[in-house]
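The task is simple: from the sequences and hints, build the whole structure.
Here's the letter readout for the chains.
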Amino acid sequence: MTFNMLIAILAAAISTGTPILFVALGEIIAEKSGVQNLGLEGMMLVGAVTGFIVGASSLNLFMAILAAALGGGVLALLHSYVTITLKANQVVSGLALTIFGTGLSGYLGKPYVGMPAPVKFDSVAIPFLSEIPVVGPVFFNHNVLVYFSYALVFLLWFFVYRTNFGLNLRATGENPGAADSLGVNVFALRYVYTIFGGMLAGVGGAYLSLASAPSWVENMSGGRGWIAIALVIFAIWNPARAIFGAYLFGGVEALGYRLQAIGVTASPFILNMMPYLLTIGVLILVTISSRTKHIGEPESLGIPYDREER
Amino acid sequence: MSQLAVRMVDIRKTFPGVVANDQVNLEIYRGEIHALLGENGAGKSTLMNILTGLYQQDKGEVFINDELRNFKSPKDAIEAGIGMVHQNFRLVKPFTVTENVMLGQKKSAFLKLDEAGERINAISSKFGLKVHPKAKIWQLSVGEQQRVEIIKMLYKGTDILILDEPTAVLTPQEVNDLFEILRGMADDGKAIVFITHKMHEVIDFADRITVLRGGLSIKTLLKKETDASELGKLMVGKEFLSGRKNTINTCGDRSLSIKKVSALNDKGLPALSEFSLDICKGEIVGIAGVAGNGQRELSEVITGLRPVTSGNIQLDGTELTKKSIREIIDFGVAFIPEDRHGMGLASNLTVIDNAILKEYRSSQYGSRLLDLKKLREKAQCLVDDFDVKIPNVDCPVKLMSGGNLQKLLLARETSIEPKLVVAVYPIRGLDIGATDFVHNVLIEQKNAGAAVLLISEDLDEIYKMADRIAVMYEGKLMGILSTEDADIGEVGMMMAGARKKEDA
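In order, the protein sequences belong to chains A and B.
Yeah, the first sequence ends on 310 if you go by our numbering, and it's all consecutive.
Yeah, the second sequence ends on 814 if you go by our numbering, and it's all consecutive.
Bear in mind the hints are in silico, worked out from the structure with no lab data behind them.
Bear in mind that the values here come from a model prediction, so they are computed numbers and not experimental data.
Treat the hints with care, since some could be wrong.
[Claimed, not checked] With a straight-line Cα cutoff of 30 Å, these simulated BS3-like cross-link-like pairs (lysine-lysine) come out:
1) B:Lys591 / B:Lys569
2) A:Lys87 / B:Lys385
3) B:Lys570 / B:Lys729
4) B:Lys369 / B:Lys422
5) A:Lys87 / B:Lys708
6) A:Lys87 / B:Lys416
7) B:Lys382 / A:Lys87
8) A:Lys87 / B:Lys683
9) B:Lys633 / B:Lys668
Structure, rendered in structure tokens:
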């Protein structure tokens, strides 16, 4: 394996990992508030299709991303209403939304199958930075969404751990009763952050249809929404850690393609399985190690908050 | 005593079917430690929930610093300087002390943890509330967590501090420390209120005492001008209200013998310490005491649900502590648990299923497969005997009323002709008719020669039913009185932690 090839794989790890990163970041924020959203796969697909359609009709990438975020957000609003206001089971609602989102996106995208995206996110090399050896080509020769994701990781980390809003967010997921008794509006926060999570899932989906493979293919997320959920655990609910996990998954996926390209004759099915095998392996390792450290999943994750029962 | 901090006038608060507070008056001054004394259900917590804005009173006025303030929400109360430390702490366990204290504040967008840490240090050194601002809550002892709750209130500018049974979870040393801290805060001009049902705390630490009973404020007294005996009488009432029901002495040989039994509660803290009690055949012994003083644990060690850490329990000379629950049942111990929905019956199962839950193993109901016809006959027979009102024996028991549930439970438990009946709060939530029924069943069992242990929080019930009254306090036996010459004032004092007179 040549040096250039290694650089190419690392760069590919980032571009392949970014859509998962968006989705995982959104889910981390939602889960920090206590709401688990297993509808991510569906929200990604809805984001991918709305982003593609709006991009194709408006020829405006900004509008396309906005539409993708809205698409994911609307589904998440539904999830919020069902699980926060009606206090229904989060797992059931999430699974239903994944199935619904898959169907809805297939229906909406039917006329666009096979059409190349008229507008797409191209790589933009950042002057000077992209010329640094190794670091430049790996990190600074990507599309705008990747750069946006770098900033987002830092912003979300700062928001969660260094602001009062973040403190209230974390408290809401850990002990909503305590937060409520101190005047934090638990219901409103859960709505806001769940919808925010859905919006990022939509953006992650649009990355697929407007950047990775600029086209619409039915079910094009291919399980990335589920990997993102595993990634949340891998990251131990910390936005800063999510970036490593996302690139690790991206790297494994990218490696699969490269190995095929240089003629490694493993079955493509085996190679395609790798990210998912990794998911299982990582889950086992992280769960074992974080159990001893009193860090991990928010204590009230998945439990609807009911004032009368505090 | 100086300024009036709180004045509550003629407060009334009702919940569906219950009057929790009526004509309650309360005055609290700055610089004092004020105790709210009363049994469970006397209306102490309701009153404080009104003061902290959680509930709104139906009638009456609340004045803070001589200003009319009827709170609409906890927020209003916090703004008025009122803070409450609840029995169940409202802390976020994975957070640090500082993060917990800062939660919900809106002064700035960014977390200024160091600045807040300094303020916390200032507060804690001023009042001796030792705790490290950077410690995580899960690393702290219960006493330290309570200090965090107090700091949280002070940080927000609380000057009227209410503590709901603050000593329930503390060791004796921690109790002394806590009240030293509270005294310092009172001397600083804050008003301190604590809710309790423990006499010695009132005597040791309060300046003034307001006694609540049955939702009414009975009297406010200066500690200097009263004593345990007067407070005990005020707390439980003047005299026994109704006549005795258990009038025939049928006591026979010793049946149940509990010797120096100790056990832990669910949290792993001592719940029973060296508790001893004998019950004869054909005798009802009533356990009096404020709920939560080890009664539940006592019923559970006898029925085998909870292991003893030391001591012996014998029934007719056979040791029970080594036996399994099933062996104890088969030996003839009937159990009417406190929670008839959760522990006593399986609410989604039918009347038949519930009625035979203890006996289905018996060969009379089939050798391998259950003989459904026999089961149905048996259930129908129990239902008829005990006059349980249900449409049919196939309906799930969750559709039944409390009284009918209790009848079914009694029917099942007494159908084994028990040697011992353990009944825990058997009339809780029942109407007069059902109460009467339950009492008749217990008397029948006694007359049939069973030993009956009746745990109750209602002194009237105990007086009506028991041959002897045993008073429990903090897992210990405070004394045993014969019901005939029991004096209610004395029972009240013992319930609040004073020893029986001749033992003292």
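Hints that the structure is at odds with (numbers, increasing): Numbers 4, 8, in rising order.
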